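Visitor: In case you want the letters, here they are:
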Amino acid sequence: AQSVTQLGSHVSVSEGALVLLRCNYSSSVPPYLFWYVQYPNQGLQLLLKYTTGATLVKGINGFEAEFKKSETSFHLTKPSAHMSDAAEYFCAVSGGGGSYIPTFGRGTSLIVHP
Amino acid sequence: DAGITQSPRHKVTETGTPVTLRCHQTENHRYMYWYRQDPGHGLRLIHYSYGVKDTDKGEVSDGYSVSRSKTEDFLLTLESATSSQTSVYFCAISERGNTEAFFGQGTRLTVV
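Going down the list, the protein sequences come from chains A and B. If you use the working numbering, the first sequence corresponds to residues 1 to 114, in order. If you use the working numbering, the second sequence corresponds to residues 115 to 226, in order.
Only chain B is shown next, with the shape it has when bound in the complex (with noise of 0.2 Å):
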């Protein structure tokens, strides 16, 4: 399996407090991603990263942010949380960006 790891894998948080999620690989895949699973919707892409300090943003980016300081880290933060950013967030990583994505177990978060 490849070596990625999502902390925290569940989380509860108030409405209006910041959250920040963290991606960590020992791959050293160049691209990371996050993408956000809800019912309906499958997987969305929320930001990505081509390289340390390279990132772009994805169709659902609204309301989050990411770093990107070593190749083997990738923060996503919510910088206000909101009830409509309860989900199941999902990192990944691939070699480029047409290679297969290697996925985290995922990060529950609940915004109450």
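So that you can see chain A by itself, here it is in the shape it has in the complex (with noise of 0.2 Å):
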């Protein structure tokens, strides 16, 4: 069965500072691999996704991931960040050999400070 793997249930950042959340996953094929955000009493929203093609992937609010296979990860990132950013994080797999419905990592809480 397939896995993903969140290094890191907090992550705490100053703002303006770089963001990186951790995603490693379990395939001996390249899966699909999706990011998630979830605000506070809300349900998740797509971040950004990796089906194939281009490894460099950007997503919504200046996030973006990059597909290694050597290492298979898929570690979200962000140049600068801003207090909005504070909420829970998700990655998510789907295929690679393995059922198409997506399983969650469990999630990582980015703190950001003034």
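Because the hints were derived from the structure by calculation, they are not lab data. Some hints here could point you the wrong way.
Derived coverage of chain B by chain A (criterion: at least 3 residues anywhere in the stretch with Cβ under 8 Å from a Cβ of chain A; other residues may be distant) [what the hints assert, rightly or not]:
1. 147-157
2. 202-212
3. 216-222
Note that the coordinates shown come from a computational prediction; the quantities given were computed from them, not determined experimentally. All C-beta atoms, glycine included, are put in the ideal place defined by N, C-alpha and C.
From the two separate chains plus the hints, produce the assembled complex.
Guide: The following block contains the structure:
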């Protein structure tokens, strides 16, 4: 079965600093990969996705992620954090030789300090 | 925003009672999912549907059942609620299994 691991349940950064949220997947075949964001008391919304093609994927709100097959990683980055980026972030995987039903990581809470 | 409505949004119920949560979509998407969200566990799949009357179990299906009699509605039933089922429940939809999912606002269920 496919799985996804998010390193760090909490990540704390200062406003204006680089944001790096880590995601690794287990799959022998490149899967479809997604990052979602959840603001308090809301459902999840898609930030970006990788299916095929360009390995650097740009999403909404200045976020981007790079698919690295050799490292089985799909880390999420943003050059400069904003207070409004404080939220829960989830990495998800589907396909990759396993089920096409999305499997989610445990989430990383991003804390942004003024 | 994708048209997904969950009802109720909040519910408090007693141990041992049956509870039904409803998910309604207006997008005509084939796939519908029920997840539960708990601190430290992220989102875990309870059941999913890939068409009318076509459903399958997820990783935490014990104590839950589902039904989908129409494309737009996916019901989640807790047959006899327990305190361990206190959680936030999310419905999601997708066109296909490998496309992005769109989520409802969630239902906060408390079992006392």
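Visitor: Are the hints correct? Go through all of them and say.
Guide: Here is how each hint holds up against the structure:
1. 147-157: holds (count 6)
2. 202-212: holds (count 6)
3. 216-222: holds (count 5)
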